[in-house]
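Novice: In order, the protein sequences belong to chains H and L. Note that the first sequence covers residues 1 to 343 in the numbering used here. Note that the second sequence covers residues 1 to 280 in the numbering used here.
Quick caveat, the hints were computed from the structure, so don't treat them as lab data. The hints are all genuine.
Cβ-to-Cβ under 8 Å is the rule here; a few derived chain L residues that face chain H:
#1 111
#2 112
#3 123
#4 126
#5 129
#6 130
#7 131
#8 132
#9 134
#10 137
#11 160
#12 163
#13 166
Note that beta-carbon positions come from the ideal geometry of N, C-alpha and C, so glycine has one too.
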Amino acid sequence: MLNQKLKLNAKIFNTDPEGKVTSYGAGVEKISTRQGFGDGLLKAGASDEKIVVLSADLSESTKANLFAERFPDRFIEVGVAEQNMAGVASGIASMGKIPFIASYAIFNPGRNWEQIRTTICYNNQPVKIIGSHAGLSVGPDGGSHQALEDIALSRVLPNMVVISPCDSIEAKKATIACSKTKDPTYIRLARNDTPIITTEETPFEIGKAQIFFAPEIGLAHVGIIATGPILYKALMAAKDLEKMGIKVKVMNLSTIKPLDEKAIIALAKETKAIVTVEDHQIAGGMGSACAECLAQNYPTLIEFVGVHDKFGQSGTPLELENKYDIDIASIIKKVGDILKRKI
Amino acid sequence: MTHNLSDSKILNLKKIANNIRKSIIEMLTEAGSGHTAGALGMADIFTFIYFHSLRHDPQNPLWVNRDRVVLSNGHICPVLYATMAHAGYFPKEELQTLRKFGSRLQGHPDRNFMPWMETSSGPLGSGLSQAVGMAIADKMETGQKTIYAILSDGELDEGNIWEAIMLANKEKLSNLIIIIDRNNIQISGNTEKIMPLYDLKDKFKSFHLFTEEIDGHNFEEINGAILKAKINKAGPSVIIANTIPGKGVKAWENDYHWHGKVPTKEEMELALVELGNSSF
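Input sequences plus hints: build the corresponding full structure.
Specialist: Here it is as structure tokens:
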């Protein structure tokens, strides 16, 4: 059942009028995480004049346009030049401001990775890197635009904080929270409207993992750790597993770095079996971060739901999640697999 | 700000530059690795900036209203370190720690070790972007600072530079002065052989920048170009400084092999004698 200590959206398990549950929450209100970022940025910008926003010709797509319209004097359009955008933001930050740089994740932190490494992370400047349209869920744009490597690229950098919000409300909170820190930060966003899992009242703290779903009574057999909007699928899988008599806990790991090691180790100690779920390459992603933590602290069986060393292609998000094994059925299958290994 | 340099001022700047060159040669010889030619070639420009045009306070290096110097081609950092030491930022003896473990003077500039430098640099092509960012931030406030961006000519091969130039022009960054070390060499050979830059002045003009070309070893020309750049309020200015790589040591001048190597002790001794005998 949902952990209502966290005041989550009670309607999350609603079904559509025909009673059909789908991966995209037919009966649940849906807003994109990029919209949450745009709203959060507007709020942060209103309360702190140090906030400056840079865009590489994608302000509408990334929702940075909301800030641009309200605070034109603090908005810089750099053109299709993500490498320059990163360096310019570092320079602006060195003068005491808090720049946000927004583009698609494939270009930011993809195209401009070395500039982020040297000018932002090495210089340790408080630049906030916004990568929208991450993951297979971009859909029809095709594989060239589906960033499946950005968590790996960002979390490997010293000084960097990496956040992958699960819904628009969490994206808004993460945007506001990171505007108040001195850390270089990457926020991973998705294009599509996805179910609202949390509420305004749900607590959010950078670096803190939360258990969103737990068995009504007793210990869980398996711990599912998910990051980003795909968390919704993990919750739906948990609901189905519950009906099958399999008890799981579902953790929202929205901050991938710094990793909430204590919470991950506690989940591993309880379940002795972890399944990680992400819309990202398995190599180097959130699951890898969890595996690194557990291998060193509490060796535990792990199964990974993610993209296995492949590029994506055009299709609807539903077609793609099925093709690349990141759908609800894949999560349920991996839980089954790990239960077999556990015996 | 004086408009013309007096003879005594020029003589003084020449002496300082000569001493900085000696320090560069000594520190690179002691380090055993590093970049000699570019550092020697830029000694006059660095001397002029730090000992004449820069608003700064070596005793209060993080003074908020200071001008900013961004060294983009970080590999010539011995000239930055030596100039800063001679200007009083830190003791000159520390120059001998260049490239050694734990030194504040890292092989390429690292502000985690020496926070009085404006940026860490080394990977080419991104320093101008950072300087553009500083100039944009300054314009959002008082617009009273001058941001100096120092670039190499070989570095202009990087596309990132031209992205930054377009933005500097678009944002009309009149507080930004870009100085190009036009010494015609890069690590693998002559710039025109590795990747032809052709007439740089034409290139920058076509990007709508106020462009000047000077002898980078002539203090009067350096002074004139920086004054004109400061007067230009229409947008950013570019100064193409023609320099001689290895300047000051005849045997090393204009030889690209000195881009990335350092003198032996014997070569150092000869060079110091040559510089010691310099007449101004």
